[in-house]
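Could you put together the complete structure from these sequences and hints?
These are the residues of each chain, in order.
2 protein chains.
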Amino acid sequence: MPTQDHMKQTLRTYIDAINAGDAAAISGLYAEDAVVEDPVGNPPMTGRAAIEEFYTNAIAAGTKIALDGPIRGSYGDRAAMAFTVEVSGMRIRGIDVMTFDDDGKITQMQAHWGPDDIET
Amino acid sequence: MPTQDHMKQTLRTYIDAINAGDAAAISGLYAEDAVVEDPVGNPPMTGRAAIEEFYTNAIAAGTKIALDGPIRGSYGDRAAMAFTVEVSGMRIRGIDVMTFDDDGKITQMQAHWGPDDIET
Numbered sequence: 001m002p003t004q005d006h007m008k009q010t011l012r013t014y015i016d017a018i019n020a021g022d023a024a025a026i027s028g029l030y031a032e033d034a035v036v037e038d039p040v041g042n043p044p045m046t047g048r049a050a051i052e053e054f055y056t057n058a059i060a061a062g063t064k065i066a067l068d069g070p071i072r073g074s075y076g077d078r079a080a081m082a083f084t085v086e087v088s089g090m091r092i093r094g095i096d097v098m099t100f101d102d103d104g105k106i107t108q109m110q111a112h113w114g115p116d117d118i119e120t
Numbered sequence: 001m002p003t004q005d006h007m008k009q010t011l012r013t014y015i016d017a018i019n020a021g022d023a024a025a026i027s028g029l030y031a032e033d034a035v036v037e038d039p040v041g042n043p044p045m046t047g048r049a050a051i052e053e054f055y056t057n058a059i060a061a062g063t064k065i066a067l068d069g070p071i072r073g074s075y076g077d078r079a080a081m082a083f084t085v086e087v088s089g090m091r092i093r094g095i096d097v098m099t100f101d102d103d104g105k106i107t108q109m110q111a112h113w114g115p116d117d118i119e120t
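Taken in sequence, the protein lines are chains A and B.
Mapping to the UniProt record's numbering: the first sequence position 4 is 4, numbers consecutive.
Mapping to the UniProt record's numbering: the second sequence position 68 is 68, numbers consecutive.
None of these hints come from the bench; they were simulated from the model.
Bear in mind that the values here come from a model prediction, so they are computed numbers and not experimental data.
Mixed in with the good hints there might be a few duds.
List of simulated lysine to any residue pairs, SDA-like, C-alpha gap at most 20 Å [what the hints assert, rightly or not]:
no., chain 1, residue 1, chain 2, residue 2
1, B, 64, A, 70
2, A, 64, B, 69
3, A, 105, B, 41
4, B, 64, B, 38
5, A, 8, B, 107
6, B, 105, A, 41
Every beta carbon over 12 Å from chain A, so not counted as near; a handful from chain B, in silico [claimed, not checked]:
no., residue
7, 22
8, 28
9, 31
10, 33
11, 53
12, 61
13, 65
14, 88
15, 104
16, 110
Every residue gets a Cβ at the ideal spot worked out from N, C-alpha and C, and that includes glycine.
Below, the structure is given as structure tokens:
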């Protein structure tokens with residue numbers, strides 16, 4: 001199981017890579033067969049190639065992300081963070097939960113935000 | 001699927017019931033066979049009786065909880081919130097994710113906080 005420090009650092013790296021516009025750095029945080037649900041309730045994206053495409057599009061749209069508070073760990077393989085995304089004139093308030101494998105890669109990302117969490 | 005308003009109101013009711021010391025009101029928000037992982041990585045508690053006992057003990061210990069920001073919904077059956085708990089001289093920063101059934105009851109609660117998220 002990855003350490004708390006590893007999981008939290010991965011989430012910080014994730015944020016920095018989005019803001020730096022580096023989709024390859026983001027997809028490299030994921031396991032090859034990872035699953036991303038962003039947002040939860042939409043069809044999931046599976047595999048590093050699909051995931052990198054998702055972030056490439058998000059970055060092309062100008063996505064910037066900021067933490068709303070400290071990243072949380074767990075007594076297991078998960079870490080979570082509350083954040084605000086600014087993209088395309090919208091402000092989206094979300095909470096991501098990421099699950100890690102023993103190699104420290106993200107196997108699952110679930111983004112919790114809904115229609116009422118978007119301000120235009 | 002429950003509405004965004006229903007899920008978010010349930011999380012607000014949950015917070016109010018903890019702060020009011022009303023364990024029965026909290027357990028009433030859960031489905032009969034609900035599963036609570038608090039924190040994620042510890043053995044889960046299953047069923048409303050075990051869940052009510054958990055909250056009874058938390059309330060007896062003086063647990064108070066405050067939101068760290070707006071409750072998030074999803075495009076599915078889940079809502080999430082970042083919070084700070086004060087209990088027994090500790091401050092715990094956590095993120096709860098709750099899954100709902102079609103009757104609007106919570107079927108799963110997963111609390112994300114780890115050893116590094118506790119201040120004494």
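Status of the hints after comparison with the structure:
For the hint pairing residue 64 of chain B with residue 70 of chain A, the CA-to-CA distance comes to about 19 Å; that is within 20 Å, so the pair holds. Proximity of residue 64 of chain A to residue 69 of chain B is assessed by CA-CA distance (about 19 Å); at most 20 Å being required, the pair is judged to hold. A C-alpha spacing of about 18 Å is found between residue 105 of chain A and residue 41 of chain B, which places the hinted pair at or below 20 Å, so the restraint holds. With a C-alpha separation of about 15 Å, the suggested pairing of residue 64 of chain B with residue 38 of chain B holds against the 20 Å cut-off.
Taking the CA atoms of residue 8 of chain A and residue 107 of chain B, the gap is about 28 Å. The hint is violated against a cut of 20 Å. Between residue 105 of chain B and residue 41 of chain A, the direct Cα distance comes to roughly 18 Å. Compliance with the 20 Å bound is thereby established for this hinted pair. For residue 22 of chain B, the non-interface assignment is confirmed: its Cβ lies about 26 Å from the closest Cβ of chain A, beyond the 12 Å cut-off. The claim that residue 28 of chain B lies off the interface holds: its Cβ sits roughly 24 Å from the closest Cβ of chain A, which is beyond the 12 Å cut-off.
No Cβ of chain A comes within 12 Å of the Cβ of residue 31 of chain B; the nearest lies about 19 Å off, and the non-interface call holds. Every C-beta of chain A lies more than 12 Å from that of residue 33 of chain B, the closest at about 22 Å, which supports listing it as non-interface. The beta carbon of residue 53 of chain B is kept farther than 12 Å from every beta carbon of chain A, the shortest such distance being approximately 20 Å. With a least CB separation of 18 Å from chain A, residue 61 of chain B remains clear of the 12 Å interface cut-off, as annotated.
Non-interface call for residue 65 of chain B relative to chain A: holds, since the shortest CB-CB distance, roughly 14 Å, exceeds 12 Å. With a closest Cβ-Cβ approach of about 18 Å to chain A, residue 88 of chain B is found to remain outside the 12 Å limit, as its non-interface label requires. At roughly 15 Å from the closest C-beta of chain A, the C-beta of residue 104 of chain B stays outside 12 Å, upholding its exclusion from the interface. The Cβ of residue 110 of chain B sits about 8 Å from the closest Cβ of chain A, inside the 12 Å cut-off, so the non-interface label is violated.
The structure fails hints 5, 16 (numbered hints given earlier, in ascending order).
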